[in-house]
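Participant: Here are the chains, one letter per residue:
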Amino acid sequence: MAGILDFSPDDRCNAFITACTGAAFGDGALAGIAVAINDNISTAGIQTTCASRILEGYIPPYDAHAVELLKQEGAAIVGKTNMDEFGMGSTTGTSAFGPTRNPIDPERVPGGSSGGSAAAVAAGLVPMALGTDADGSIRCPAAFCGIVGLKPTYGRVSRYGLIAHAGSLEQIGPMARTVEDVSRLISVITRYDPRDSMMLDQPYSHRPSADVSDLKIGIPTEYFGEGVDMRIATTVRDAIDVLEGLGAETTPVSIPSVRYAPAACCVICASEVSSNLARFDGVRYGPAVDTRKPWHEAYREVRQANLGPEARLRIMLGTLTLSAGYAGKYYAKALAARQRITRDFERVFCDVDVIAGPTTPTVAFRPGEKVSPLSIAGTLTAPANLAGIPAISVPCGDVDGLPVGLQVMGRRFEDERVIDVAYAYEQEVRS
Amino acid sequence: MKTIIGLEVHVQLATATKLFCGCSTDYQDDNPNTHCCPTCLGLPGALPCLNKRAVEYGLRVAKALDMKVLEESEFARKNYFYPDLVKAYQITQDDRPLAVEGTIEIEDDQGHEKIVRITRVHLEEDPGRLVHVAGASKYSLVDYNRSGIPLLEIVTEPDMRSPQEARRFLNKLRTILEYLEVFDGDREGGLRVDANISLEGSERVEVKNISSYKGVEKALTFEVTRQRNLLRRGLAVARETRHFMEGRGITTSSRGKEEAHDYRYFPDPDLGPLRVAGWVAGIDLPELPTARRDRFMEQYGVSLNHARTLTGDLRLADFYEEIAGTDPVLAATWVADILLGELNYRTMGIAAVPPGHITELLDLLRAGTITDRAGVQVLREMLDACAEDRPCERPAAIIEREGLSRASGDEFTSLVRAVVAANPQAVEDYRNGKEGALNFLVGQVMKETRGRADPRELRRIVSESIKMGEV
Amino acid sequence: MITEKDIEHIAGLADIGISNDEVPEFTHQLNAILEYLGILDTVEDESTPASGTANVFREDEPRPSLPQEAVLANAGSTEDGFIKAPRVM
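Same order as they appear, the protein sequences are chains A, B and C.
Position one of the first sequence corresponds to residue 1 (my numbering), numbered consecutively onward.
Position one of the second sequence corresponds to residue 1 (my numbering), numbered consecutively onward.
Position one of the third sequence corresponds to residue 1 (my numbering), numbered consecutively onward.
Source of the hints: derived by calculation from the structure; they are not laboratory data.
Just so you know, these numbers come straight off a predicted model, no measurement behind them.
Using N, Cα and C, we set each Cβ at its ideal position, and we do this for glycine too.
Among the hints, a few may not be true.
What follows is a list of derived Cβ distance ranges for each label pair [to be verified]:
#	chain 1	residue 1	chain 2	residue 2	range
1	A	Asp290	B	Glu188	29 to 35 Å
2	C	Arg63	B	Glu298	46 to 52 Å
3	B	Lys214	C	Arg63	34 to 40 Å
4	A	Gly22	C	Ala73	19 to 25 Å
5	B	Glu188	C	Ala73	27 to 33 Å
Here chain A stands alone, though its shape is the one from the complex (with noise of 0.2 Å):
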């Protein structure tokens, strides 16, 4: 039953940079479901522009091996969503194109970086949406609106056609409104794809189980204390109670090298940046360089004028942390932290099956709220990345009629799990 989808969003966000009004789709397990894709992920044939004025018009020849899985099982792809400047940013506020606005609550921000796609899933617009993460970019606007995220295991999903700002960190994951809807997109999107190196063929073919009976989950010290808004603890804790009233054990764990995370993040984060933005010159795609000029000069006219503030600053960080001199004080020390993280997670995940915690210390808030150097990474989601393991955010209840996330994280390739606990929650506070 292939067919055009006519989709004409009443986009009162700005969730979409680019809207498709006929989406064609087909048959299979996805057949008419509409799919948003968050804009650093490639689509052939659609503008693909990472919210940046330099890939402005540029329009890739290649789907991305996740979109090209999501075509095979009939979804009709949409459009395109909003994010911050290529995914840098956790309010989807640095985007070229505008800010994404929450839709519960328009004078918030819906957290980021991939908060058009978390915005279009929580306004109805669509049903589910590929976001990103690097730092809690998929996480952070999913709690900030209410809806599910999941950034899954390092190299569970292929990485071919996302255009990662820091493609170490990264993964493309879903997001719906349900965990079953997550559930059924992370199992299209795993299937294996030689052409990325870090990939494991580890295909996800899970119907996620509501049973946490024996189930041990640790609760870190860490997710708990300084920095976290007191009603968010409260609100997740009384999450994890209902966990363990449906049969889950829990035991406080303590994780000290999650305080090194932020800055480790911050420093991976950027110094991959500055080499993995060095090609936006305007030769190939984007705005046109001016061929009259030397080289640099040219180059450097075309970026400062495309390249917005915070991505431009990141590039100037990142450079700095790898250059001769410096490399050894933030860029190494920020690769042992990483190691220091991932090992600690491992120490936890021999006694406990899943970690849980809130997954942001506050809610949504009003843009220019939060200018610290601290929104750089997610405190609490970061972690996650450096130690490559899944890690889901389901909806555990509001302050103040903002949505609060509650973050379950498990063992590498235990995707399954961490869906399990969330849908275990989701179907106890749903009934």
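Got chain A; can you put chains B and C on it based on the hints?
Facilitator: Below, chains B and C without anything else, positioned relative to chain A:
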């Protein structure tokens, strides 16, 4: 003043596809930008995937040069901006290359064996090709067909002492690579060299952009002279990078064009590590040039010089072994001393020469059917035909057609008699002790026989004939 | 502390293009971030093994390339099948 030279050689590996994508490497005759995909164009989101054969080729070289393959090596990004570099970084290897510490044996300027130490070999991707457009508005045109071609960079210690040694090193390296079948020597730009050269006690100069191995000797010779002249005038040699202008045979300073480099190497997060040291034991190396040279001397009894020449090119060595036959020393002489020169003169390769014809020619020479001189004439006829793509006649047919068989018997005697009779003055001079007069007379007979007579034999007969005339 | 001169050097390496009046702001912002990153000083050094699966390869089998039109389609300007780029001479 000792000259100190070290080389960095970039070799295009003869794989079917590029280093990190499936685009074909066979683009030489194709239009620009027709062998490109998202990966080698550096399109946003594309990822590299390593070509296994390139790694195998690299390991083959490492084993042949007796190197230590690292237990774990990795790819790194070298970050810099240039219009031929699609991602603004080159995927290469930095502090963990494929292999380290090897050797290559060459001849020094005195003809003695010497060892050049190899520091390291590593894999990296070739950038695209730039065409510079001059004129009122200057700009570049880029062809990305070359972008992503696998390169093996081979770095030597500063062990060479003259431009000639550097050239011999490159010849030897090229031969080894051809023997290993990892390199296509006919490919334009397939081997490119950066050279470091200094005079002892002075600063080091890097000469970049030497795109032919013959250019290396030229560039380095120019540098030695330039640096010597500076020192003679009491000036210092500046530590700098210079570019070799192939057409003009000179190097020019690129000062001001290059900024202080900080490549900000870091491990490429898109590629996992290589753990291939264990593969080395399973690699079967072919017989390498030095071993083959020694075998030629032993098996065929040819001289060291002939053995070196014959094994200095894989196809030449194969050709020789095909035609060595019953008289390998004669074959070696003809191939190394005569055939090669004739080929060079015609800028022909050995591949164009039909071995069967040469075998026949050698047989005819050995049987005394023709003289050496007539043999050369036959050879030239054949090579001309091959070079001009005409059907190549067999030697016997050429001899028959041209009447080149060795003059003998009556024909010979009457010719000598006629020449002696026609040149009484020369005969007189010879009798008066002028040796040169004999040469003249022999030359006259040679002319008449068009080389069909053996000059030494002729000399004896003419001289005897004059003496007989005396009696 | 990094100086305005450092900022200019870094901007040069990154080909980012900053105007003179942006230099103080970049200096200020980067110093603020570096101060925050100071926490990394307390991480003990350790050698970090290469991450990712070892020995992931592709066989040396050619796959179709893009048609030339697709290669050139997004370029700002082209000439005779080449992509035009700034001059280097």
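Participant: Each hint needs a verdict: does it hold in this structure or not?
Facilitator: Status of the hints after comparison with the structure:
no.: 1; hint: Asp290(A) with Glu188(B): 29 to 35 Å; result: holds, 32 Å
no.: 2; hint: Arg63(C) with Glu298(B): 46 to 52 Å; result: holds, 48 Å
no.: 3; hint: Lys214(B) with Arg63(C): 34 to 40 Å; result: holds, 36 Å
no.: 4; hint: Gly22(A) with Ala73(C): 19 to 25 Å; result: holds, 22 Å
no.: 5; hint: Glu188(B) with Ala73(C): 27 to 33 Å; result: holds, 29 Å
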